[in-house]
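J.: This is what each chain is made of:
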Amino acid sequence: MANAKHYIFVSITLGSIAAASALLIGGANYLTREKITQNEINSINKGIVAIFGQSAGIIEQKEIANDSYKYVTYYYAVSKEGSDENIGVAYRTTGSNMYGKISLLVGFNLSNEFVSISVISDEQTYAQTLTDNYIVPVQDGTRDYNDVSCGATYGAKLIRDMINDASKANEAQIWKD
Amino acid sequence: MKREKGYTKKNFLKGIINENPLFVSILGTCPALATTKTLEAAIGMGILFTVVLICSSALVSLLRKVISEEIRTPAYIVIIATFVTIVKMFTNAFLPDLYSTLGVFISLIVVNCIVLGRAEAYASKNNVFDSFIDALGMGVGYTLALLSMAFFREFLGTGAFAFGNIFTFIPLVKVQIIPKEYVMSIFQNPAGAFIVFGLILAVLAFIKNRKEEYKAYLARQEKIRKAEEAKKAALATAANKEEGGNK
Amino acid sequence: MNIFVAFVLAIISSMLMDNVVLSRFYGICPFLGVSRKVNSSLGMGVAVVFVIMLATLICWPFYTYILVPAGIPFMDTVAYILVIASLVQLTGLFIKKYSPSLYKSLGIYLPLITTNCAVLGVAQGNTDQGLSFLDSIANGLGTSIGFLLIIVTFSCIRTRLETANTPKAFKGLPIALITAAIMAIALVGLQGLFSGIKL
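Residue numbers (the working numbering), protein chains in the order written: chain A, 167 to 343; chain B, 10 to 256; chain C, 1252 to 1450.
Just so you know, these hints were derived from the structure itself, not from any lab. Do not take every clue at face value.
Said to hold, decoys possible - Some, not all, of what chain A presents toward chain C, calculated at C-beta under 7 Å:
hint, residue
1, Glu289
2, Thr291
3, Arg309
In this text, a Cβ means the ideal position worked out from N, Cα and C, and glycines have one as well.
Okay, chain A solo, but in the shape it has when bound:
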C-alpha cells in the first residue's frame, strides 16, 4: 500500500511540474507574441528600405492567394515617405525546397524592372553559402539572379523561381482585382 502511495506521489509531482512548465511557457508566449508579430512587420519595413532606399514606406498592402503564382503571398505598394507618389512595388514571396524555406521581398520599379531582393527569413541548410555567394551579389547588382550555380545551388534556384514568379505576377498586375 505504501508503494502505491509512493507512486501516486511521484506521478503527481511529475504531473504538477509538467503543468507548471506548460503554464510558464504559455505565459511567456502571451507576453512575447505581440512583440514577435511587431518584429515581423519591422523586418518587412526594413526590407523595403533596403530595396528602395531611405524614406521609402508601404502605402498599401494586400494579401494574395492565387494558385498560378504559388510563391507570392503579399503585395506592397511603396512610396516616398510623406507623399502619395508611388515609386515601386514589392512582393513578399515564400517558398521551400528540400533544404528548408526562404521568405523574400522582391522589389520592382514602376517600369516593371527587377530592382533587388531582401531576405526576411532564410532557413536553408546552406544559408550562409547562399547569402555570401548569391544573395549579396544579387543585391549589389554584380550577379544576374538567373545565374544560380553558387555552392548552394538549390536555394539559389528557389530564389530565382521566386523572383520570376513575382515578376510574372507583377506583369499580370494581379493586385488589381
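Place chains B and C on chain A using the hints.
T.: Below, chains B and C alone, put in the same frame as chain A:
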C-alpha cells in the same frame, strides 16, 4: 550546517578556472564551436546559457526534496526545457537578430551536458544559494571560454571587431585591425573553429605540463637538498664520534 | 522534379557536404568522447542512427498533426526532448529484452544519446526549416549516416594518432581537434557538387 570560510568565493571561482566547463571538463562543445564566429554571438550565447543554467539550477535545488529518485532525469529535462523555451521566446521578441544568428542552438541548450550535469551533480544535493553561486560561476566560466574562442576567430577571420550587428540597441562600431586582403577567412569556417579550440587546449596543456615539470623540479631540488643535509648530518655525527673517540 | 533524385541528393548532401559534426557542429561531445576505439564508435554511431530515425519518424507527425492544430507549436522543444528521452529508454528496454548481446555492446551508449545534440538538432531543424515529411526523413537518414561515417573514420585516425609522435602538449584532444579541422576542410571541398544536376 557549518561551512568553511570563503566557501562561496571558492564555489564561484571553481567554475571559472579549476573546473571550467569548456576547457577543463570539455563539456558543451557544440555551441562553443558553432556560435563563436563573432564576439557578439558568443556574448549572446553565454548570457542565454547562464540564464538557463541559473534558473534551472535554482529550481532543481528548490525542488530537490520533492523530486524522488525515479523521476529525476525526466523532471530535470522538463524544467530545463521550460526555461530554454521561455528564454527562446524572449530572445525572439526582444533580440530578433540574436535569435536568427544562434538559430537552433538556443533550443540545443536543453541537451547541453553542463546544464543537466550541474543539476545532477550539484543542485540536487545543495541548497538554493550554493546552487545559484555554482551555476553563476559555471555560466560565467563558460561565457569567458566562449569569448576567448570568439576573440581569436573574429580577429583572425575578419581582421576586425564589430559590435552592434546583433545587439541593435548599441550603435554600430567596427574596428578594422588587419586589412581585409590579409585575413584568414578559414577561421570563420567550421574548420577554423576546430583549429582554435585545439590550439587553446594545447596551450592550456602546455602550461599545465610546465607547471607540473616545475613542481617536479622543485621536488627534485628539495630531495637533493634533503639528501645533502642528511649527508652533512651524517658526516657531522661521524666527525663527532671521531672526536669523541680521540678524546 | 524527380522525387527520388531529390531524396538521394538530400541524403548525400546532409551526409557529406553539410556533415552533422564537421559543419553543423551537432554531437561534438560523443564525437570527441567515444572515438578512442573503433568498436565503441561503431556502437555509438549505430545507436545514433537508430534513435535519430525513430525521433524523425515520431517528432515530425507529432508537430504537424498534434502541436500545430492544438495551437501550441511553441511547445515543440519540450515535446521533442520528452519524446527523445522516452524513446531512448524504450529502445534500451526493447534491445535488452530481445537481444542481450546487442544490448551489451550498445547499452552503455544509449543514455548518452539523450544529451546528443544531433538528435534534438535534427528533430528541431526539420520543423524549424519547414521541411516536408519526405525531406525530413532524408535529412534524418543523411545526418545520422553522416555521423556514423565521420565518427568511425575519426576513431580510425585517432587509434593511429595514439602511437604517433606528437608534441606533448598536443597529446590527446588537441591533436584530435586539429585532425577534425583537416577533415572539415576536406568536406568543404565537396560543396557545389550538384550544381550541374537539373531539378
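J.: Among the hints numbered above, which are violated by the structure, and what are their numbers in rising order?
T.: 3
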